[in-house]
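S.K.: One letter stands for each residue in the lines below.
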Amino acid sequence: MFRRFLLLFVSIITIYACSSSEEIAPIIADSFDRNALLENIADNIIIPAYEDFSGKMSALKSAGDSFSAAPNQTNLEALRASWFVAYKTWQHIEMFDIGKAEELQFKFYMNIYPVTVSDIEDNIANGSYDLDNVNNQDAQGFPALDYLIYGLADSDAAILEKYTTAENNDNYKNYLIAILNQMNTLTTSVVSDFKVQRNDFVISGDNTATSSVNKLINDYIFYYEKGLRANKFGIPAGIFSSTPLPGKVEGQYKNDVSRELALEALTAVQNMFEGKHYNASTTGASYKSYLIKLDRADIADVTASQFNTAATQIQTLTPSFAAQINTDNTAMTKAYDELQKAVVLLKVDMLQAFNVSIDYVDADGD
Amino acid sequence: MFMKRFKYNFKEQTNAAPLAIFRLFFGLMMFASIVRFWANGWIEKLYLLPKFHFSYYGFSWVKPIGDYTYLLFIICGASAIFVAIGYKYRIAIITFFLSFLYIELMDKTTYLNHYYFISIISFLLIFLPANAYFSLDAFVQKKQYKLIPKWTIDSIKLMLVIIYLTAGFVKLNSDWLFRAMPLKIWLPSKYDLPFIGENLMQQNWFHFAMSWSGMLYDLVIPFLLLYKRTRFVAFLFVVFFHVFTKVLFPIGMFPYIMIVSALIFFDATLHNKIINFIKKYITKSKKNLLIEPNFYFSKLKSKVILSLFAVFFAIQMLLPWRSLLYPGELFWTEEGYRFSWRVMLMEKAGSTNFKIVNLNSGASFRVNNTDFLTSFQEKQMSYQPDFILEYAHFLGDHFTKQGHKNVGVFATSYVALNGRLSTRFINEKVDLYQQKVSFAHKKWILPFQSKIKIKGI
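For the record, the sequence lines run as chains A and B.
Just so you know, the first sequence maps onto residues 15 to 380 in our numbering.
Just so you know, the second sequence maps onto residues 145 to 601 in our numbering.
Everything labelled a hint here was simulated from the structure, so no lab data went into it.
Keep in mind the model is a prediction, meaning the values are calculated, not measured.
Check each hint, because a few of them may be wrong.
Unchecked claim - Here chain A is said to cover these stretches of chain B; the calculated rule only asks that three of the stretch's residues, wherever they fall, bring their Cβ under 8 Å from a Cβ of chain A:
1) 247–260
2) 406–418
3) 464–477
4) 504–514
5) 563–574
Said to hold, decoys possible - Residues from chain A that face chain B, not an exhaustive set, calculated with beta carbons under 10 Å:
6) Ala-92
7) Asp-220
8) Thr-222
Backbone N, C-alpha and C define an ideal beta-carbon position, used for all residues, glycine too.
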């Protein structure tokens with residue numbers, strides 16, 4: 015009796031399994047090579063972007079040194095140009111909150127905005143400060159430089175005065191140099207460490223909370239949602255507050271660069287999604303190709319086109335987001351809405367397809 | 145003749161050992177679960193850190209009690225030990241049932257079918273003479289009973305049968321059987337398992353084989369366990385199935401609890417062997433207890449318990465099907481989804497954000513969910529309508545208290561279900577703050593729009 019039962023049980027399973035696999039052709043023939051994905055991202059995106067940034071960062075530091083040695087209009091212009099070039103490249107690496115960058119809180123020391131002007135001015139007036147202190151994160155980095163080279167006064171002449179004839183002009187110069195040194199040191203440390211850790215990074219393709227691949231995906235989505243969507247658009251446009259806060263745009267003292275920086279950041283997000291090599295047109299293994307491999311080209315296509323829709327909407331804005339918010343904030347919130355749609359696609363659809371857990375709460379399931 | 149076979153003899157007596165062993169293992173498992181829960185830091189993470197807790201309808205008064213929550217877990221764990229050794233059994237099992245229930249009611253974010261399973265089994269155990277044999281109570285009273293009413297053991301079997309069969313029936317739907325969802329999403333992501341991760345887990349046929357055999361397992365295993373000649377092999381199936389799910393999914397203690405529970409189907413020979421083994425090697429007790437042959441309930445007591453059980457089992461059989469009373473797609477609305485043994489049927493995720501609007505001026509701002517919810521709570525809230533409504537009310541109250549006037553709460557919500565593209569979930573134009581919390585159908589959930597419908601139970 016029992017044997018017959020068992021036979022029936024096994025044969026039913028076998029029959030169903032076979033017939034169903036005939037009906038629907040195997041979709042996933044083999045698993046996706048996550049190590050190839052990590053390799054592409056490490057070798058063709060992270061490392062070249064890190065190297066490029068590192069070079070621009072040391073150029074920025076030299077421009078700062080020259081300006082500090084001879085604070086004149088020419089050197090100020092050179093410093094400003096160098097600041098913007100580096101700031102744009104920074105948009106390509108802020109999302110990599112991994113390894114040393116995570117350990118040192120790299121992005122918090124490089125790009126917290128808006129800065130707290132009183133903290134900066136107090137530090138300058140005191141002449142002594144600890145830039146490693148977390149309380150000084152909003153008094154350094156690119157936003158602090160923005161203030162020091164554009165925001166100190168209304169005119170260039172008045173700004174130069176702070177570095178030349180003002181009573182504590184040495185303190186201004188010292189602070190500028192201190193910030194640049196800090197940024198450069200952190201950058202060197204992050205970049206060289208990643209190169210050393212590269213092999214460990216590439217082989218860590220398991221589906222665990224601490225593996226490179228899971229952390230990278232989580233960081234990517236977190237950056238898009240927080241660093242790009244909320245910080246650059248949502249917060250200044252007043253999405254999360256009763257009134258708009260135009261003072262919270264990125265690069266507020268230079269004022270007319272917030273759109274360019276935001277578009278650069280979005281390009282970096284798109285390139286990462288498509289696995290596009292840094293500063294090149296070749297593409298390699300990516301989230302997109304992973305989705306396609308999982309037979310979810312639908313998600314890949316919708317996401318890619320949603321990024322484009324968002325970019326198009328952002329291009330209609332004025333170069334200065336602060337000006338845009340003051341004149342017509344609805345265009346700004348519309349850009350936010352388009353960016354938000356991609357958050358859903360990344361966080362809900364893509365994560366579901368990858369089956370990567372979004373948080374690290376390891377509570378039981380059913 | 146036919147009727148005779150289905151006639152149940154409530155006067156029949158049976159060996160008490162299976163129930164005693166069930167009590168012992170159940171108590172030990174519960175103790176281990178509590179210790180594990182604590183050791184994982186989940187008491188703090190799930191009950192103490194969150195600023196806001198999601199409540200079951202009518203139980204919003206059950207909340208974590210600060211640091212005393214640890215005391216609650218101590219009470220729960222200690223009573224589990226008392227249950228295991230069968231000391232002051234009645235008080236112990238009542239304490240365990242109440243403290244465990246309280247823990248479960250504190251926050252429905254952590255709802256799991258297997259916690260529900262523990263609650264109802266411990267409820268049943270309150271009324272059963274599980275300390276009649278091989279217990280410290282018997283030792284203290286120097287008297288133990290060899291035989292107990294057969295229906296007491298059968299009631300646990302009946303509960304297990306209901307659970308298995310219901311879990312099997314609800315798998316009879318097109319997503320599970322013909323799309324192999326959600327296993328098709330979950331299994332490939334286990335690529336890092338040794339040996340089978342890179343090949344078997346990635347095969348389409350394997351996803352279907354797992355879906356179908358999972359369904360067949362649930363529907364067939366109760367009968368294989370009940371029928372004496374298939375019982376042993378059925379038990380091997382139980383062990384294999386639950387160990388396999390343990391390897392694949394983060395389901396904690398549940399597989400072990402189910403394996404141990406299935407032992408109740410065996411006859412007393414096995415349980416007596418286990419008892420003799422424990423006596424010989426662990427307790428080393430040589431004291432001979434007076435053995436009374438029969439344990440009986442008083443006539444009144446047995447009448448009361450049996451009527452209570454009749455009601456209880458009627459509820460158990462009907463409750464999982466209450467979802468039929470609601471319109472719309474069950475997996476989408478989740479109205480009647482909980483407490484129905486729908487286990488592992490959905491891979492569902494969402495993104496839900498709230499807008500606080502001044503209904504007079506139209507001015508609005510959006511809420512940052514992380515200001516109020518932990519990431520785990522946010523994840524659960526994002527796709528479950530009753531969570532969304534409760535949270536919307538919390539937000540409305542919170543911002544009204546902060547001095548905002550004419551507060552309206554609106555949700556922008558997208559949900560993806562079993563590998564379909566995400567679509568809008570909640571009607572964005574409905575002020576959720578004005579919607580009452582109740583068991584009535586929630587009209588503000590947008591209809592399930594995917595072209596790939598879900599057919600079946």
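S.K.: With chain B as the partner, please determine if A:Asp-220 meets the hint condition of a C-beta pair closer than 10 Å.
M.R.: holds, 4 Å
S.K.: Verify this for me: three or more residues of the region 247–260 of chain B with a beta carbon less than 8 Å from a beta carbon of chain A.
M.R.: holds (count 4)
S.K.: Does A:Thr-222 hold up as a contact with chain B if the rule is Cβ-Cβ below 10 Å?
M.R.: At 8 Å from the nearest chain B Cβ, A:Thr-222 passes the 10 Å test, so the hint holds.
S.K.: Test coverage of the region 563–574 of chain B by chain A using CB-CB distances below 8 Å; three residues minimum.
M.R.: holds (count 3)
S.K.: If you count the residues of the region 504–514 of chain B with a beta-carbon closer than 8 Å to a beta-carbon of chain A, do you get 3 or more?
M.R.: As far as the region 504–514 of chain B goes, the hint holds, because 5 residues have Cβ atoms under 8 Å from chain A.
S.K.: Can A:Ala-92 be said to touch chain B, with a Cβ gap under 10 Å?
M.R.: violated, 40 Å
S.K.: When I compare C-beta atoms, does the region 406–418 of chain B have three or more residues closer than 8 Å to chain A?
M.R.: violated (count 0)
S.K.: According to a criterion of three or more residues whose C-beta lies within less than 8 Å of a C-beta of chain A, is the region 464–477 of chain B covered?
M.R.: It is violated, with 0 qualifying residues against the three required.
The structure is inconsistent with the numbered hints 2, 3 and 6, although it conforms to all the rest.
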